[in-house]
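Visitor: Based on the sequences and whatever the hints tell you, model everything.
Protein chains in written order, with our numbering: chain A, 1 to 105; chain B, 1001 to 1162.
Treat the hints with care, as some may be off.
To be verified - Stretch-level coverage of chain A by chain B, calculated; a stretch enters the list once three of its residues show a Cβ under 8 angstroms from a Cβ in chain B:
(1) 48–60
(2) 74–82
(3) 86–94
As the list claims (entries may be wrong) - Partner residues are not named here, just some residues of chain B that face chain A (Cβ under 7 angstroms, in silico):
(4) F1002
(5) E1003
(6) M1033
(7) G1035
(8) D1037
Hints listed in this document are in silico derivations from the structure and should not be mistaken for laboratory results. Note that this is a predicted model, so its numbers are computed, not measured. We put the CB at the ideal spot given by N, CA and C, even for glycine.
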Amino acid sequence: MTERVVAGKALQFDEDGFMANYEDWNKEIAEELASEIGINPLTDRHWTVIDFCREDFVEQGDSPTIRRITSQSGVPTKELYSLFPKGPAKKVAYVSGLKKPTGCI
Amino acid sequence: MFEDKERKLCIICSKGTLDMAYPGLVLANAALMEGIDVIMFFTFWGLNMVSKKKMNTLKVTPMGNPSMAMPNGMGIPNILGILPGMTDFSTSMMKKEISKLDFPPVDEYLQMISDAGGEMYGCKMSMDMMKLTKDDLCDEVNDVVGAMEFMEMSDGAQIIFI
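Guide: Shown next, in the form of structure tokens:
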């Protein structure tokens, strides 16, 4: 567990480097985490994905798989890979303040 | 954690049964989700995975496979494998279990891999032998190449043979 200040707020990060507490997240944090990994600015389509993932996390208790995101958020595979290029699974979870996804699909 | 990796993975698919098609598909997709470049090469029976006619009718048989069991863990005696309908029975069982895990059928899986930027190639020599042309393969297949071209493409990549 490490502590780091993001968007003026002291946050806990787990050993995988993902935010440890889902509740500490806010939109400014998402923007700063996204820009850290080269995604800047966050467009409406990014927010569609992020909002879906956060809602799904509350319902399912786990970070959604790519398959879940593309089949239920209305953002298809091709677009998801262009919004979060080179490894969308972890990038989406990181920006959304969720833990590292573990699904195989 | 998110630094740009130059990792590339080549997956050679040489089998045409349902149980041997999924490992390649799962690994290719997982690599793309992780930001790794993927090339899939289909050779011999692996071409069935990308054949328009056969991709969705791949089968799994209990014949000669002592690991095969029912979803409840009960084994299937090998001798029963020769009964008519056993292959279709085990195939439909496995398909049901696969879809329960939210894994798509073969054609949809290939589409997903292609949309995610995965490249796919058919093996020229196998296709000549089986009298197949590029038109027999699904649209996701980028091209038909020979073994030497594959060697060029896979330069520096990690290779998995299935």
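Visitor: Each hint should be assessed against the structure and marked as holding or not.
Guide: For each hint, the structure was consulted:
1. 48–60: violated (count 0)
2. 74–82: As far as the segment 74–82 of chain A goes, the hint holds, because 4 residues have Cβ atoms under 8 angstroms from chain B.
3. 86–94: holds (count 7)
4. F1002: 4 angstroms, holds
5. E1003: E1003 (chain B) check fails; min Cβ-Cβ to chain A is 9 angstroms, beyond 7 angstroms.
6. M1033: At 4 angstroms from the nearest chain A Cβ, M1033 (chain B) passes the 7 angstroms test, so the hint holds.
7. G1035: Check passed: Cβ of G1035 (chain B) comes within 3 angstroms of chain A, closer than 7 angstroms.
8. D1037: 9 angstroms, violated
Violated hints for the displayed structure, listed by number in ascending order: 1, 5 and 8.
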